[in-house]
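S.K.: Sequence:
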Amino acid sequence: DIFENDLPSVWLVSDTKHAPRRDVIGVFNWESTEKKFDYPLDRLGLDAKTEYVAFDYWQNKLIPSVKSRLQITLPAESCAVLALRPVVNHPQVISTSRHVTQGMVDVLGEQWDDAAKGLDGRSNVVGGDVYELRIVTGAGSRAVRVYFSQMDAAAGVKGSFTQDGQLVRVKIESPSSREVIWAVDFK
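Taking this note's numbering, the leading residue of the sequence shown gets 97, the next gets one more, and so forth.
Calculated from the structure, these hints are not laboratory results.
All C-beta atoms in this analysis are idealised placements derived from N, C-alpha and C, irrespective of residue type, glycine included.
There may be inaccurate statements among the hints.
Stated by the list, open to error - Cut-off 35 Å, straight-line C-alpha distance, at most; resulting in silico cross-link-like pairs (DSBU-like, lysine-lysine):
#: 1; residue 1: Lys163; residue 2: Lys283
#: 2; residue 1: Lys157; residue 2: Lys283
#: 3; residue 1: Lys131; residue 2: Lys145
#: 4; residue 1: Lys157; residue 2: Lys113
#: 5; residue 1: Lys283; residue 2: Lys267
#: 6; residue 1: Lys132; residue 2: Lys213
#: 7; residue 1: Lys145; residue 2: Lys254
#: 8; residue 1: Lys283; residue 2: Lys254
#: 9; residue 1: Lys131; residue 2: Lys163
#: 10; residue 1: Lys145; residue 2: Lys157
#: 11; residue 1: Lys131; residue 2: Lys113
#: 12; residue 1: Lys113; residue 2: Lys145
#: 13; residue 1: Lys213; residue 2: Lys267
#: 14; residue 1: Lys267; residue 2: Lys163
#: 15; residue 1: Lys254; residue 2: Lys267
#: 16; residue 1: Lys254; residue 2: Lys213
#: 17; residue 1: Lys157; residue 2: Lys213
#: 18; residue 1: Lys157; residue 2: Lys132
What the hints assert, rightly or not - Pair ranges (Cβ atoms, derived):
#: 19; residue 1: Asp111; residue 2: Glu228; range: 30 to 38 Å
#: 20; residue 1: Thr258; residue 2: Phe133; range: 30 to 38 Å
#: 21; residue 1: Gly234; residue 2: Ser164; range: 18 to 26 Å
#: 22; residue 1: Pro171; residue 2: Asp209; range: 21 to 29 Å
#: 23; residue 1: Ser161; residue 2: Lys254; range: 26 to 34 Å
#: 24; residue 1: Pro160; residue 2: Arg117; range: 18 to 26 Å
#: 25; residue 1: Val196; residue 2: Ala250; range: 29 to 37 Å
#: 26; residue 1: Asn101; residue 2: Val183; range: 26 to 34 Å
#: 27; residue 1: Val240; residue 2: Glu130; range: 39 to 47 Å
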């Protein structure tokens, strides 16, 4: 909405160079009162017929899925930064803790293996900083194990996970900044 308002209030950044595609929407309430947004997804260049899972970076939680229109209410002088991914029937990374772009600068790749029921990927992590992958699962999927490449394990990379409903949080700790090869198995 850059040409519609003095201060733009909705923006989209997309990473289409790496698979899978990642989209992050920023919504800004510049007003001194609460504001309701009702914005068509197709105006953002997203498919209005697709249902998207959404994660709010600042609230650090999943929000209700989005289809056709982005409808959100923001308190005065605040913003929301939302990662959107199309709803699929298997686990996928929806966000990370490293950067507001929620995976665009740090997730180097991810791949679901349906036969093995595993999500594998690579992430750039900062040494000494706890890094969190936020993975949204398909209905009924449960995380059972997180592990790393032999080189990463030998370098002292450690990890753990928790699951609350359809959100799995994988914490990765590395003593040095490095590219970490990770995997999460599901049942």
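S.K.: Are there hints from earlier that the structure breaks, and if so, what are their numbers?
M.R.: 6, 7, 19 and 22
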